[in-house]
Amino acid sequence: MMVIVPLLITAIIVIALAVLTAKAVNKNVYSKGKFSYSQRVCWIFSGYVAILLICVVLDTVHPVKIINGWKKVDTAELEKESMDLYDSALAGKVANEGGEFLRKKWNFDYNGEQLNIATIQDDYLNTSVFVERKNHNDGKIEAAYYQTRSSVNGMDITELATPPGLELAEDGLFLRNPKKSKIKFSEFTNVFSVKQFTGEEFFERDSHYAEGQSILYLRIPKDLELIDKTNIITN
Amino acid sequence: MSLTKVSLIEVVKKQYVYKLKAYSQVFISLIFLQLLAVLFSMNGVGSMGSTVGSVEVQASYFSSDFVAAFTMLWGFITAILITTKAYRNDDFVFVANRVSSNLSNAVFLLTTSVVGGITAMLSSYLFKVIIYYFFKSTPILDAPIELLLGIFSTILYVFLFCALGYLVGTLVQISKVFTVLLPAAFFGALILEGLSGKAGTVASVFEFFFTESSLVLFIVKIIVAAGLLFSGAFVLSNRLEVRG
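Protein chains in written order, with the numbering used here: chain S, 443 to 677; chain C, 68 to 311.
Excised from the complex, chain S in its bound form (with noise of 0.2 Å):
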């Protein structure tokens, strides 16, 4: 019921505007001047139409573009290439097959034998977390942030997703949320009678979003014992 207010009050608003214009001029069409008011009429038409024949020439020769540079993304291309970053962490060759992806790099030197690995503020945190050892004690944390493209409705947001933060303390390294962002843009969708054709839903709005995949791949010394208090490390 509550969506049939807006709409009927619309609907008389509507009809009391059709009703009057037509009514308000209805008078002169009896008139003598019976000519020169349609011509009138014409005339304002005309104008009228003048007005969006030139809005259509205004938005083919400059058209409404992506702007900020964002580009076009597929996907399916996307969905992709995070399933194979997260298989080439998982196998341990991420530093050779997502060298595309590495957003940052840190290195750290540590030579305790323990290592909390803790988060801090994790609200939007959404990394997995693999751990390698390495075959010798070099005293060295290295640590890579790789991240694959991000979408939204088809359009590339990556350089908006920013890496989160890592911070090596006396009692261990700390993951701190990423900053956060914000993107606001508007779209011109089709009109409902060319949606029932194309497919798309009525009046809900296509929204797609693809977040990719993002991972921190630590590689650690051999003998450093790690004490995971982030439930999000995969191995």
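Calculated from the structure, these hints are not laboratory results. Treat the hints with care, as some may be off.
What the hints assert, rightly or not - Below, a list of computed lysine to any residue pairs in the SDA-like style, where the Cα atoms sit at most 25 Å apart: (1) S:Lys624 - C:Tyr200; (2) C:Lys81 - S:Trp485; (3) S:Lys522 - C:Thr118; (4) S:Lys621 - C:Gln125; (5) C:Lys243 - S:Leu450; (6) S:Lys624 - C:Gly116; (7) C:Lys88 - S:Lys624; (8) S:Lys626 - C:Thr118; (9) C:Lys80 - S:Ser480; (10) S:Lys626 - C:Ser127; (11) C:Lys243 - C:Leu257; (12) S:Lys626 - C:Met109; (13) S:Lys626 - C:Lys80; (14) C:Lys265 - S:Lys621; (15) C:Lys243 - S:Leu459; (16) S:Lys622 - C:Gly116.
Following the hints, put chain C in place on chain S, whose structure we already have.
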């Protein structure tokens, strides 16, 4: 009584040309309504907010839904208006009978549907340009707009509503009872359906047209329905009193 015998087509043609001029004010109301709809559309027809990882996404959607819906309603009202007495009597400026009068009305309504459908779809460019040039604050994503399909399907919808309006108008001319009865029946059914939560007649009629995904079937449905509505109106209008 006329001395020269005039063929039906010629009469229809004459009446049609006359009506285009005499009823031209309906196009002014069309402009009003479409501009109003464009104004309403500025706010966006929908919005969406979500978070993708650390990225907060806020989107507003724009489409010519309002303009198309307003135009359909306009077609409905226009059709009712031209069945009213003041308009009906215009026909008898010429040598005319009910057939020629009805036919010329149908052709006139077809013309208004075409005009309404085309301008409705073109007006989406108007607000696109307005948003683009005057509200540059947010970036804009442009989906491919199916202009021709939009124009074509909107014309058909407007024509369907014209046909419905024409039948309603004719019914009201037969008896004023229908001015109360028809809206009461429509809204009564709508409210009953709303209360019972089941899809009833009104919902299934809407579904019949608005969820048809095959263009060919859609065209057939609209033409058959509009044809039936017009024939109904033609038959009923013969019951109207002969003008003295």
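Going down the list of hints, with the structure as the test:
1. S:Lys624 - C:Tyr200: holds (23 Å)
2. C:Lys81 - S:Trp485: holds (22 Å)
3. S:Lys522 - C:Thr118: Roughly 21 Å separates the two Cα atoms, so the pair holds.
4. S:Lys621 - C:Gln125: At roughly 17 Å apart (the allowed maximum being 25 Å), Gln125 (chain C) and Lys621 (chain S) satisfy the hint.
5. C:Lys243 - S:Leu450: Judged against 25 Å, a Cα distance of about 23 Å means the pair holds.
6. S:Lys624 - C:Gly116: holds (11 Å)
7. C:Lys88 - S:Lys624: violated (55 Å)
8. S:Lys626 - C:Thr118: holds (12 Å)
9. C:Lys80 - S:Ser480: holds (18 Å)
10. S:Lys626 - C:Ser127: Since the Cα atoms of Lys626 (chain S) and Ser127 (chain C) sit roughly 8 Å apart, the hinted pair holds (cutoff 25 Å).
11. C:Lys243 - C:Leu257: holds (22 Å)
12. S:Lys626 - C:Met109: holds (16 Å)
13. S:Lys626 - C:Lys80: It is violated: about 54 Å lies between the C-alpha atoms, which goes past 25 Å.
14. C:Lys265 - S:Lys621: violated (48 Å)
15. C:Lys243 - S:Leu459: holds (22 Å)
16. S:Lys622 - C:Gly116: Satisfied, since the Cα-Cα distance of roughly 15 Å is no more than 25 Å.
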